[in-house]
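Protein chains: 2
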Amino acid sequence: MQRTRFGDMACSIARTLDVIGEPWSPLILRDVYVGIDRFEQIQSDLGISRKVLTERLKWLVEAGVLERRQYDTRPPRYEYLLTAKGSELVELLMVMVAWGDKWLATEAGPPVLYRHRACGEMSHVELRCSSCGGSMRAGDVEVLPGPGAAA
Amino acid sequence: MQRTRFGDMACSIARTLDVIGEPWSPLILRDVYVGIDRFEQIQSDLGISRKVLTERLKWLVEAGVLERRQYDTRPPRYEYLLTAKGSELVELLMVMVAWGDKWLATEAGPPVLYRHRACGEMSHVELRCSSCGGSMRAGDVEVLPGPGAAA
DNA sequence: GATAGCACGTTCCCTTAAGGAACGCACCGC
DNA sequence: GCGGTGCGTTCCTTAAGGGAACGTGCTATC
Chain A
1 MQRTRFGDMA CSIARTLDVI GEPWSPLILR DVYVGIDRFE QIQSDLGISR
51 KVLTERLKWL VEAGVLERRQ YDTRPPRYEY LLTAKGSELV ELLMVMVAWG
101 DKWLATEAGP PVLYRHRACG EMSHVELRCS SCGGSMRAGD VEVLPGPGAA
151 A
Chain B
1 MQRTRFGDMA CSIARTLDVI GEPWSPLILR DVYVGIDRFE QIQSDLGISR
51 KVLTERLKWL VEAGVLERRQ YDTRPPRYEY LLTAKGSELV ELLMVMVAWG
101 DKWLATEAGP PVLYRHRACG EMSHVELRCS SCGGSMRAGD VEVLPGPGAA
151 A
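Just so you know, the sequences run in chain order A and B.
For the first sequence, this note's numbering puts the final residue at 151, and the numbers step up evenly by one.
For the second sequence, this note's numbering puts the final residue at 151, and the numbers step up evenly by one.
The set of hints was computed from the structure by calculation and includes no laboratory data.
Accuracy of the hints is not assured; some may be wrong.
Given that identical chains are not distinguished, each listed pair holds provided it fits within a single copy or across any two copies.
[Unchecked claim] Once the Cα atoms are required to be at most 25 Å apart in a straight line, the calculated DSS-like pairs of lysine-lysine come out as:
hint : residue 1 : residue 2
1    : Lys102    : Lys51
2    : Lys85     : Lys102
3    : Lys85     : Lys58
4    : Lys58     : Lys102
Please read these numbers as outputs of a predicted model, since none were measured by experiment.
Work out the full structure: start from the sequences and follow the hints.
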């Protein structure tokens, strides 16, 4: 399809999309996160084509987001698990869940619930400033050029 | 390309991807957010094909994420702006920025800086529990089936 | 009053990616 | 030997993206 690569753009959104912006990639991460972590399992859970799943897994491993680990020899069998880099991408998934739950849920309600272990409550994520802890949403920030900005 | 639609899946991640999962969509939102909000501006800023930009804008407007507003008559000229639904998607972009800044930055440093208006500091977003305010990351939650789960 | 230019698309052709099904292969259990 | 399992790979068809040219309604300029 001759798609433009985003990795070279001077933009962290574009670079992040280069890693997980392909179709299916976030859903693969979700599956691995919840324990659906073998090729056959992911394939049948998502209904993704085997060819595309092979490509995506290879790419995510190369990107350092997933690790391919052999869990059995003779015959060799593999599972995929999140690296530290990949685990932090789960935060992105949690924000997608919060937005989807709010704006796209059906009458049946949200398909999945999240219980915060620390407090035991069913809750969702909120964005806060890493510096002062205050709310940090679209209108709360000022965007400025950084040191790695393009010419 | 005969791509599978994600909108019907019982998963808020998949449904969110159905809205902004197409290539370029998050970058279009970013542009609109920072004030690059007209067809020509977005096209030349991103280098996206005019055909695809037309399709994406139409889709995002239909999804209620953008609003198409006429800012001039004779000849009719249009600009795009974020709806409330779209503004909350900016939070997703901010998380992508935080992750990209941390894991994908070059030696030059992050391309863009964010100043939190409330405290004046250059900062990034952090995820917290909407209930207790504690940190909420990959390991901090328990995933449970919700009322809208699939059969 | 023809010409150039701008903003916003639309149309056309070519290349490439996704879907789907069949095939391959190493091993295990019967 | 024979079917089953896990994990891909190959092949074909269809559809989506890239790029450039074209269209349209209007304004400004020579």
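Hint by hint, here is what the structure shows:
When the C-alpha separation of Lys102 and Lys51 is checked against a cutoff of 25 Å, the pair qualifies neither within a copy, at 34 Å, nor between copies, at 31 Å. With identical chains, the CA atoms of Lys85 and Lys102 are at most 25 Å apart between copies only, with a shortest distance of 9 Å across copies and 27 Å within one. For a Cα distance limit of 25 Å, the shortest separation of Lys85 from Lys58 inside one copy, 16 Å, qualifies, whereas the shortest one across copies, 34 Å, does not. For the homomeric pair Lys58 and Lys102, the shortest alpha-carbon distance between copies (22 Å) is at most 25 Å, but the shortest distance inside one copy (33 Å) is not.
The earlier numbered hint that this structure contradicts is number 1, and it is the only one.
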